[in-house]
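One line per chain: the protein sequences are A and B, in this order. Following this note's numbering, the numbering of the first sequence begins with 1 at its first residue and continues without gaps. Following this note's numbering, the numbering of the second sequence begins with 445 at its first residue and continues without gaps.
Just to be clear, a hint being listed does not mean it is correct.
Claimed, not checked - Derived lysine to any residue pairs resembling SDA-like cross-links, with alpha carbons at most 25 Å apart:
| # | chain 1 | residue 1 | chain 2 | residue 2 |
| --- | --- | --- | --- | --- |
| 1 | B | K670 | B | L658 |
| 2 | B | K793 | A | V37 |
| 3 | A | K111 | B | R514 |
| 4 | B | K793 | A | A38 |
| 5 | B | K738 | B | L517 |
| 6 | A | K111 | B | K793 |
| 7 | B | K793 | A | R41 |
| 8 | B | K793 | A | E96 |
| 9 | B | K670 | B | I684 |
| 10 | B | K793 | A | E315 |
| 11 | A | K111 | B | V816 |
| 12 | A | K111 | B | A695 |
| 13 | B | K793 | A | D40 |
| 14 | B | K793 | A | R105 |
| 15 | A | K111 | B | E837 |
| 16 | B | K541 | B | L530 |
| 17 | A | K188 | A | E73 |
| 18 | B | K456 | B | Y613 |
| 19 | B | K611 | B | P545 |
| 20 | B | K793 | A | H46 |
| 21 | B | K631 | B | K670 |
| 22 | A | K77 | B | L658 |
| 23 | A | K111 | B | Q788 |
| 24 | B | K793 | A | D59 |
Unchecked claim - Label-pair distances were calculated between CB atoms; the ranges are:
| # | chain 1 | residue 1 | chain 2 | residue 2 | range |
| --- | --- | --- | --- | --- | --- |
| 25 | A | E34 | B | G640 | 53 to 59 Å |
| 26 | A | F44 | B | Q774 | 35 to 41 Å |
| 27 | A | F44 | B | E531 | 31 to 37 Å |
These aren't lab readings, by the way, just hints derived from the structure by calculation. Just so it is clear, CB atoms sit at the ideal spot from N, CA and C, and this is done for glycine as well.
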Amino acid sequence: MTSKLTDGITAGRLPGEVIGANFADLHPAYDAHEALVAADRCYFCHDAPCMTACPTSIDIPLFIRQIATGTEEAAAKTILEQNILGGMCARVCPTETLCEEVCVREVAEGKPVEIGRLQRFATDSLMAAGVHPFERAETTGKSVAVVGAGPAGLSCAHRLAMLGHDVVIFEARAKSGGLNEFGIAAYKSTDDFAQAEVDWLLKIGGIEIRHGQRLGSEISLQGLGEDFDAVFLGMGLAGVNALGLDEKDGVSAAVDFIAELRQAEDLAALPVGRRVVVVGGGMTAVDAGVQAKLLGAEEVTIVYRRGKEAMAASEFEQDLAAQKGVRIIHNATPVGVEGNGSLSGVRFAYTETQDGKLVTLDEGFTLAADQLFQAIGQKIDGVPDDLSVEGGKITVSATGATSKAGVWAGGDCASGGDDLTVTAVAEGRDAAMDIHARLTGAAG
Amino acid sequence: MADLTSDFLGIKSPNPFWLASAPPTDKEYNVRRAFEAGWGGVVWKTLGMEGPPVVNVNGPRYGAIWGADRRLLGLNNIELITDRPLEVNLEEMARVKADYPDRALIASIMVPCEEAAWKAILPRVAETGADGIELNFGCPHGMSERGMGSAVGQVPEYIEMVTRWCKQYYDKPVIVKLTPNITDIRKPAAAARNGGADAVSLINTINSITAVDLDQMCPQPTIDGKGSHGGYCGPAVKPIALSMVSEIARAQATHGLPISGIGGVTTWRDAAEFMALGCGNVQVCTAAMTYGFKIVQEMISGLSQWMDEKGYTSTSDFVGMAVPNVTDWQYLNLNHITKARIDQDACIKCGRCYAACEDTSHQAITMSPERVFEVQDDECVACNLCVNVCPVEDCITMETLAPGMVDERTGKVVEEDYANWTTHPNNPMASAAE
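Just chain B, with the same shape it has in the complex (with noise of 0.2 Å):
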């Protein structure tokens, strides 16, 4: 069995799954549950400046999007930070780390952007013996509203300045931790590394509504008839936050700071994923929302399977590895033509390539009146939509046509030679190939 030890910023964990900072870490019942599960690390939900914590509202605090058989995609909040006292909290902290030695506990810090804040607070985390800190640059709701959270993620001075002081006042690993609500994600990751931060971690919460309720005409969740928008989380952002981490991987600026990936993780496939496009561990909390820390099981069997299957005996092996592929369009290779191959055993007849294909897309597929449903490849662009909607599982392929093969629709030559947009003829601002 692969050995799946982590080493983040030299904090060790026996898996690379730690929970994130929220609601399933906010005290010491949750996290010590958590870890009996086999969880690697825990990044304490956030904590507030000493004083009267924050309250939540007492109406419902999530809305869901739910796919087939109610299978929940999509998770909204509007909860806060921790509303417990600072003191409690620390204590349990330094409890739950003495017990758990081999566990990673990261606390999670949101305090006012101001230097007398963040020096208050900052020693106090030390002594409980934590093995670093997450600042909290990335809560949408609430807070943001008073200057915390990513109403600081959204400027990356105010980053660079606050990261700057904690590195000045805290001796363990410092992670930033982004919000996802901003147009270019490299800029706070940049701002992040230059104050000198050890890690970033991503995405935190999408603004999001996710529904309105059209008897009451007002958005989910509703609080006595109003609604306010809230952090969207779940599968449903993971494709967004891949895509935010594969930025930073590549950004020249930013590449080989090491990040925790966030944003839907729920299965070990998931977890490698991030780890592929650069992650060095990855952070959890939807899916143990939704079905309880015992997921993690499933997690550490599943990536210890593929790594053994892939030969990788360390998550270091593979972290990384996917994001030299990550690339401009610019760069795609135009040369590379495909066609739509239909497995007529696997076809199960339903025709919802062909109303795709005929509909909204190319008319490259014909249907006979006996229900065959073929591929004309004098139209097929490759586009892959009949792929993306057919229900059967590689029913419908991409073919390679290889060098010299003729594709019908242009009817030129397959060239075995790479060639991009950068030096195609209809490119006004094309350079020839020197």
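With the rest of the complex left out, here is chain A (with noise of 0.2 Å):
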């Protein structure tokens, strides 16, 4: 019988309904009376400090208002006027990093309004009955292609329905959502919700998706700037980096770990080390090494090779999973794998800061290890030739255009930003409106 101490990678380390509570909603669903009493908590600040620092520039104050007084649905049409994935980014948005830490409260007495809860408070409320706020302006004759299904694409694909143009999406995996749906851990989008907003999403009509279509395979910038009028690239960061370390089994990418979870049909039979090691110190490398362990891995270690302070993950991210039971490393980079075929350890040599310099120490440690994930970042997989690149990533201006006449871009795979799911949002609705202006020349 398989228990957390079977070594290997193996399926059934805990009962499923163990693994079942595990992976219940991180943050859950306000009842309607816990809401009024959060909402009552917003002091209605005037110039919000949270709307400042919401990427999508939501009106805070006036959606939790909108709550206070029995209107979530209108709180709703507030929130997805400016983020029409505001249900996703209730969930997934790193709330303490963004509007919860600046709220005046969070300031003042180290608790602030919960806004991402009642984002998801207003968000549900619309989408559990069933209503889009929205409607399409008539047709424009015009037709815009987007490439990538993910929050950038769906965003800049809503945006330009909204306003009377046809959306082809192209969508290279078999599913939509982008990272909403193969990228995110699963106790924060539970109930296959990424697939129920792009349901909803689509309600806006005008917008036809066509999956296996990956670009530079099925289709290319080329054709798509001549069949339509205008590009938009959201496809995101296909690429995973690699720790150049030798080929084990057992070794492999966090991203496809994650992603391989969230389509699982049953998490119980989904395998996991026993001893898990995951290299990198952002939000993936938290999702991956908090899901192994709730899967059942006995031992799960994050190491990163700088300090705390250099982590990406957030501190909440990395709270929740100190509170999970997953070790985080600092100073530390993988030298090399051992084992016979199949991973049973790895090495590690310690770091160190020196004049602003990484450097690489003697002395080191050992893990054992019996699965190891790689999240050290994405790269983007394949940029067409014509289009200026910086940093690895498409150059765009403010608002999206790149270095060629009639496309845009956004998300992971354009340049500034930071890579959550919420400037993604902001990206593909701003090269939206920027598309739109040239479209009807309404460009000032």
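Join the two chains into one complex using the hints; note that each chain is given alone, in its own frame.
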């Protein structure tokens, strides 16, 4: 019988009901009264700092007041006008580093208004009612190709469709949603929320999604440019950075583990190692590490090459990892793997920052491991040659225009931004407005 | 621990907290529980005349207003006087009084405005051993349609007449309970005194509709699609009650008339405020109806602690102490100049003071790009709105300018002397100070 202590990568380390409980909603939804009480804590600040901190500039005091007065569907509209994926963002936004970090009650009491959960209350209410609060403008006769059905692409497509343009989304995978569907810890998006949100978003009409269409394979930028009046690239970062270690069974990319987990029909049937090591310091590293632990791994260690303060994972995420029993080791980098065919351990060397430069020291340690996840970042997978690139991403203007006329880009594949869902939504939306301006001659 | 013993009109009670005539005091069961919980006295739910008792509606009798987290702020009721037979109430009162001789027990009465009706009921009430009576001239709903309750309280002549009958046919103290549904509360109070009343109690409830059902398009509480105004009480009415109490306490015609304070008393502090404005004791209803009888324990401990801190040994030490400081607007010192001061360390930068001042007041607060809010003394009229809307207590305060300083708004030097509107040059009625 498989247990926590079984060596190797195997399924069924925990009973199904325990796994079910482990992957329950991280921030359970408010009931109506809880929402009223939480809403009442908002001070309706003048020129509110939370609103400024939100990448999509949602009018947070207004939507919270709308909740407080019993009009949560109006609250949802306030949110969705700025951020059509407000439902997912309510679940995955690192609010502790955005709106809630600057909430005056966080500053004053260390206890912010729970903006994320209130946003979820509002958007869930509207979606539960099956309402899509926006209507398409009269058709413009213009068509736009959107590459990638992730947050940036969906946001861009919705705004364009709303403005009356016809949109075709080309998505490489068999399902829409991008990282919302494949790249977020399962306990942040339960009950197949990502797909439900896409279905709801498409109710605007005027958007067609074609799956299995990868840029550079089935479609080309040139071809899209010929067939459509404008092109928006929002294909994210499909490539994965590798550590450059020897090949071993048990070494894989954290994003693949996360995607596999999200798509699993039965989490109890999903194999995981007894001793899992994750290398990296971002949200992906934490998502992989925590979920490995929740599946029943006995030991999970995240190893990051720099100090705690340099971790891209938020303070909240780091605390979550600690709370779930995941150890985080700072200032160490992998230098080799051990094992005969299958992984049995990972060798690390300590690091130190000297004169602003990260230096690998001679001293180190070895962690026993039968599974290693690499979570040291993703990279763009194939940029059409004629687009200019900076820092490995497509160069864009403030409104998402690339170096090539008629082509816009946004989300993780585009320069700027901070690789958050909410940023991608903002970029998709803003690019759509710029595209609309160009297509209708409304540009100033 | 301070002595809370109360002597109101010679009626002794272990503390000044009485339960007002209302549903909590409708029967023996409740009143015994109230006394066990520690209440100093009880005004029994209003008795009507002999015969078939009144009936109540069989739908909702109450409606409410709530604050955050559904805290009950205001309660409205359309319940009538006791709907139990007079005989039953009288028997229960006698039993309870016999068992709790140290507690105050007052009979509230409402019978028609006819001498015979009062003459008939008063001896029977006297037989119960009750410590006094309270004349219900206050209930604004139902009974008022039948010429009783507030219908009497709104006509000073009736108050005086009925009070006189009661003093004639009853030996113990007579308290007249006043309705606030009147323009000048001093008139009915003076009428009560003229009739020989030993005290007044106020306020009874205020005419109210708590809400409108926007689906049925009718007032709440709703009885089969219709609603009727009720009587409003609870924390929301306290400011109105305090003002009316103070009017009676300081008016020449009623000054010195004992007052039993009623209207939103919820905590020991509320009670202390009513008493500071001249009330010998207080009566409570909504707080007990919201939280149960146990709240009296907080009132007792809180009032006692405050009295100890202030060095008061008896409640009579502070009753009425605030009355001399209630005055007319025209006597307020116009040379008293204050300015708002924002404690930057306490400020949480919500900007509510700025929004309030900029949008609705005097544009006397500036906001920097770093969200630092500062008072502009040359615009600040010291209206206090910023203090009131600030969510942080004591973050914004009013600083008094000392004589000799310059008020930057007017450019004038602050004068030491008191000066009010009656002598102000802009007042066409001004009389030169002699």
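Comparing the hints with the structure gives:
{"no.": "1", "hint": "K670/B to L658/B", "in the structure": "13 Å, holds"}
{"no.": "2", "hint": "K793/B to V37/A", "in the structure": "22 Å, holds"}
{"no.": "3", "hint": "K111/A to R514/B", "in the structure": "21 Å, holds"}
{"no.": "4", "hint": "K793/B to A38/A", "in the structure": "20 Å, holds"}
{"no.": "5", "hint": "K738/B to L517/B", "in the structure": "19 Å, holds"}
{"no.": "6", "hint": "K111/A to K793/B", "in the structure": "15 Å, holds"}
{"no.": "7", "hint": "K793/B to R41/A", "in the structure": "15 Å, holds"}
{"no.": "8", "hint": "K793/B to E96/A", "in the structure": "18 Å, holds"}
{"no.": "9", "hint": "K670/B to I684/B", "in the structure": "28 Å, violated"}
{"no.": "10", "hint": "K793/B to E315/A", "in the structure": "24 Å, holds"}
{"no.": "11", "hint": "K111/A to V816/B", "in the structure": "21 Å, holds"}
{"no.": "12", "hint": "K111/A to A695/B", "in the structure": "50 Å, violated"}
{"no.": "13", "hint": "K793/B to D40/A", "in the structure": "18 Å, holds"}
{"no.": "14", "hint": "K793/B to R105/A", "in the structure": "10 Å, holds"}
{"no.": "15", "hint": "K111/A to E837/B", "in the structure": "17 Å, holds"}
{"no.": "16", "hint": "K541/B to L530/B", "in the structure": "16 Å, holds"}
{"no.": "17", "hint": "K188/A to E73/A", "in the structure": "23 Å, holds"}
{"no.": "18", "hint": "K456/B to Y613/B", "in the structure": "23 Å, holds"}
{"no.": "19", "hint": "K611/B to P545/B", "in the structure": "24 Å, holds"}
{"no.": "20", "hint": "K793/B to H46/A", "in the structure": "9 Å, holds"}
{"no.": "21", "hint": "K631/B to K670/B", "in the structure": "34 Å, violated"}
{"no.": "22", "hint": "K77/A to L658/B", "in the structure": "23 Å, holds"}
{"no.": "23", "hint": "K111/A to Q788/B", "in the structure": "20 Å, holds"}
{"no.": "24", "hint": "K793/B to D59/A", "in the structure": "18 Å, holds"}
{"no.": "25", "hint": "E34/A to G640/B: 53 to 59 Å", "in the structure": "57 Å, holds"}
{"no.": "26", "hint": "F44/A to Q774/B: 35 to 41 Å", "in the structure": "37 Å, holds"}
{"no.": "27", "hint": "F44/A to E531/B: 31 to 37 Å", "in the structure": "58 Å, violated"}
In summary, the numbered hints that this structure violates are 9, 12, 21, 27.
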